[in-house]
Amino acid sequence: MNLLFKLIISYLAFYLVIWFHELGHSFFYWKYGCKENWLKVSVKPYLFFSTPAPVDEEKAEQLTSKQNLIMSYGGIFVNLFLAFVISILIQINPIKNNYIELFVYQFVTLHLAEAISYLVLGNIYLVSDMKSIADTKPKLRPVNFILGIFISVIYVIFIRQLPQQIFSIVLSFNLIAIICMGGGRIAFTYYYSKKQQ
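At position 33 of the sequence shown the residue is numbered 33 (the working numbering), and the sequence of numbers has no breaks.
If you are wondering where the hints come from, they were derived from the structure by calculation, not from laboratory data.
Nothing false has been slipped in among the hints.
The calculated BS3-like cross-link candidates involving lysine-lysine, where the alpha carbons are at most 27 Å apart (straight line), are:
1) Lys31 to Lys131
2) Lys40 to Lys195
3) Lys44 to Lys31
4) Lys131 to Lys66
5) Lys194 to Lys137
6) Lys139 to Lys66
7) Lys66 to Lys31
8) Lys59 to Lys44
9) Lys6 to Lys44
10) Lys194 to Lys59
11) Lys40 to Lys66
Work out the full structure: start from the sequences and follow the hints.
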């Protein structure tokens with residue numbers, strides 16, 4: 001398989017992971033009356049600064065603590081749900097096509113990596129969704145961290161079972177993605193907090 005195709009397939013999987021994450025937030029904003037169209041989110045081709053926008057900020061500020069908490073977890077919930085469902089489907093029905101195999105395994109591992117980057121890294125240095133969750137319910141911080149460690153163990157087990165022909169590209173792309181997501185969220189949180197001052 002050509003390296004360029006591997007990178008394109010990996011990028012598409014990553015883009016969709018970010019898009020679905022934002023869709024998770026967007027759905028709850030819509031459910032709570034802060035959005036007109038929950039399928040409309042802002043995910044740039046360079047992936048940084050992705051948001052569930054457009055959101056009615058005035059209505060969003062009126063959300064209860066419980067609603068804000070649910071909305072903040074929305075993206076992580078979608079990541080974990082899709083990773084779980086698709087990993088079961090892979091076990092039931094093995095994939096024969098190399099390109100589809102790469103896409104599906106990237107899709108699952110990047111969903112797990114996205115959740116881990118929030119629950120573990122985002123909990124060490126409070127950023128983005130995890131900052132919102134910690135501000136709303138500080139006692140959830142250690143729970144989220146422990147959940148993140150548990151998901152990390154599942155992630156490592158899943159990575160170790162990858163087909164040999166895609167192992168190196170999936171692992172490399174995931175490591176780069178985790179580093180970029182963590183760094184991007186720190187920048188996003190810093191930018192957003194400065195914007196609100």
